[in-house]
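Novice: Sequences listed follow chains C and X, in order.
The first sequence maps to residues 0 to 282 in numbering that gives the first Met the number 0.
The second sequence maps to residues 0 to 329 in numbering that gives the first Met the number 0.
Some clues are possibly wrong.
Said to hold, decoys possible - Here are the in silico distance ranges between beta carbons for each label pair:
#	chain 1	residue 1	chain 2	residue 2	range
1	X	282	C	130	45 to 51 Å
2	X	294	C	130	48 to 54 Å
3	X	69	C	259	32 to 38 Å
4	C	226	X	113	43 to 49 Å
5	C	94	X	175	46 to 52 Å
6	X	36	C	121	19 to 25 Å
7	X	68	C	56	51 to 57 Å
8	X	180	C	276	21 to 27 Å
9	X	99	C	199	29 to 35 Å
Worth flagging that the hints you see were computed from the coordinates, not collected in a lab.
Virtual Cβ for every residue (Gly too), placed ideally from N, Cα, C.
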Amino acid sequence: MIKGDFLNKMSIRWVVALKEEAKAILDYYKMVLVNEKTLYPIYKNVEETHWLTISGIGRHNSAASTSYLYTISHAPKWTSWINIGIAGSGKGDYGSVCLVDKIFNQNSNITYPATMPKSNLPKMSLVTTDMPILDYSSKELIDMEGSAFFDIASKLTSKEFICIMKIISDGPRDDIKQLTKLKIIQLVRSNLSKISEVVSYYENLSENENQIIAKPDIFYKISSNWHFSLTQFYQLENLIRRLDVFCVNEDIMELIKHCKNSSSVINALNSKIENSKIDWSDV
Amino acid sequence: MIETIYIEKKIKNHPRTKFILNKFKKSRLLEIDKYTEIFNKRSQNFRIQKANPNLILAHKNDGFVLPAPEGFGIGSSENFYFSHMFNCIYDCRYCFLQGMFSSANYVIFVNFEDFDISIKNVINKNINSKITFFSGYDCDSLALENVTGFAKHILPLFKQYPEVDIEFRTKSIQREPFMSIEPMKNVIMAYSLMPDLMSSSLDNKVPSISKRIKVISDLASKGWKIGLRFDPLIYGQDWKFLYENLLEKVYNSIPLESIHSVSVGPLRFPKKMFKDIFKLYPKEPLFTGPLSNSKDIISYDMKIEEEMSVFCKNLTLKYLDNSQFFRCFA
């Protein structure tokens with residue numbers, strides 16, 4: 000992708016274990032299969048803002064497909080990562096959707112997702128196991144992927160951009176054997192409005208982060224007109240970001256239009272900063 | 000509203016933990032082993048956490064009282080600080096905390112009694128020196144007083160040592176416990192101030208300057224000693240006019256005999272810290288000012304620092320004695 004493609008775009012990546020869990024999400028966000036021959040099925044929408052992979056069941060699949068989606072989709076730094084799926088629960092109500100705020104795996108490692116969206120959805124702890132377990136006692140949520148997804152996603156972005164949502168599908172009063180493909184599709188579909196509300200928080204987060212991280216347009220213009228060393232690139236970026244707050248592009252270009260080389264560009268911009276006085280009544 | 004409170008298992012039954020939890024009945028409670036499981040982990044974003052911080056209740060194991068950084072003092076030969084809390088409810092754009100921690104969650108250490116022991120040890124070891132303690136270097140010392148009760152806890156200790164000074168530095172308009180008790184001569188209520196125009200842009204979620212001045216005036220009238228901290232000094236258009244207005248307003252609102260000291264301090268960041276903060280807030284107007292790098296410290300030019308300090312000093316000396324004015328560099 001070239002830099003212009005990223006401008007003002009949010010970026011969401013979904014990792015979902017089962018096709019039935021993904022069905023309603025794919026429909027809602029209008030994602031279609033990218034290619035039949037990928038290692039894990041990959042879907043995306045036309046704008047390429049939402050990408051989704053079907054990981055299959057288990058921690059290994061979840062970890063591998065998260066990495067795979069990252070690579071295939073060229074997920075930028077400001078991507079929000081979402082894992083959604085069904086889960087067993089010894090405490091919650093069948094059919095309700097929950098946000099996960101504490102994750103255990105079978106090695107007793109515990110991780111904590113960070114700041115979450117303000118939401119009325121209940122928050123619960125998740126235990127990720129390698130084998131299905133039917134002893135639901137005292138466990139808030141049980142799945143087979145969450146911890147692995149979180150471990151990998153937190154290597155790709157900061158924790159604030161990672162979300163695990165679970166829909167309670169079985170428990171002491173709701174036999175897992177009664178769970179059918181159709182029921183799974185319906186469980187997700189019936190929670191779509193709540194899910195999309197949470198996702199919109201992550202869409203905004205991603206879009207805002209993009210706008211903060213993105214280099215000002217004029218940076219690309221200047222860096223293509225003169226030859227800058229690596230150190231000068233950093234200096235230029237820093238100066239342009241600062242000048243961009245109080246100067247319009249035309250004024251910046253005017254400052255440097257007679258510069259013969261990169262050093263004189265840096266000096267001219269530096270001099271502008273050194274002589275600047277913020278007008279606090281205008282901030 | 001604090002959505003989630005993480006509680007170290009070790010202090011889950013501590014009376015102070017229960018006292019604090021009682022104030023947040025709707026929060027979700029999660030038990031943890033160590034606050035470091037949550038706080039200051041890698042892959043955290045301070046800016047995003049700051050929008051909706053959670054609370055961590057923890058036990059502090061060591062480092063209760065530390066020597067204050069060089070250049071941080073108001074006349075004593077020995078200066079120490081302690082922080083019962085990490086992070087602050089305010090969001091000031093020049094604050095070093097945003098570059099020091101990767102996490103914006105609040106950590107409250109509930110074992111105040113261990114602070115007491117360390118403070119007494121330090122006093123006993125420095126019995127022949129003039130000592131000042133600074134409360135709340137890693138937080139605002141009073142902003143969460145109604146939750147923690149730390150000042151209320153620590154004041155009786157300092158009553159036993161009238162020759163030892165303690166400074167509570169704050170931007171809050173917290174009046175209690177100070178309005179309810181007799182003033183203590185060794186307690187300095189120190190307020191960070193800057194011109195209103197700058198404060199309204201830089202001091203996010205902080206009470207306005209006029210509200211702070213009102214509280215200063217009330218506490219001074221009650222008999223508490225006041226410290227005025229023009230720190231950091233912020234540069235910009237009409238800075239002389241803005242600082243002159245502020246200083247005149249303050250000196251004409253407070254009984255001058257209540258003023259213990261006035262200090263000014265420059266805007267300075269270690270290079271690495273500045274880089275981190277700039278990454279978080281690249282569109283912040285403060286960073287568009289004439290800041291430059293000298294010996295890995297990002298600051299205004301020395302000439303600017305000097306001019307601003309001298310200007311504030313000269314104005315102050317119209318009202319106060321030279322011995323009450325300090326320049327801080329930490």
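Novice: Give a verdict on every hint.
Specialist: Hint by hint, here is what the structure shows:
In this structure the hint that residue 282 (chain X) and residue 130 (chain C) lie 45 to 51 Å apart at CB holds, the actual value being about 50 Å. At about 59 Å, the CB distance of residue 294 (chain X) to residue 130 (chain C) disagrees with the hint of 48 to 54 Å. Checked against the hint of 32 to 38 Å, the pair residue 69 (chain X) and residue 259 (chain C) fails, with Cβ atoms roughly 45 Å apart. One distance hint, 43 to 49 Å for the beta-carbon pair residue 226 (chain C) and residue 113 (chain X), is violated here, with the actual separation near 59 Å.
For the pair residue 94 (chain C) and residue 175 (chain X), the supplied restraint of 46 to 52 Å holds, since their beta-carbon distance comes to about 48 Å. Between residue 36 (chain X) and residue 121 (chain C) the C-beta distance comes to about 22 Å, which sits within the given range of 19 to 25 Å. The hint said 51 to 57 Å for the Cβ distance between residue 68 (chain X) and residue 56 (chain C), and at roughly 55 Å that hint holds. For the pair residue 180 (chain X) and residue 276 (chain C), the supplied restraint of 21 to 27 Å is violated, since their beta-carbon distance comes to about 45 Å.
Under the hint 29 to 35 Å, the C-beta atoms of residue 99 (chain X) and residue 199 (chain C), about 33 Å apart, fit the expected range.
The structure shown violates the earlier hints numbered 2, 3, 4 and 8.
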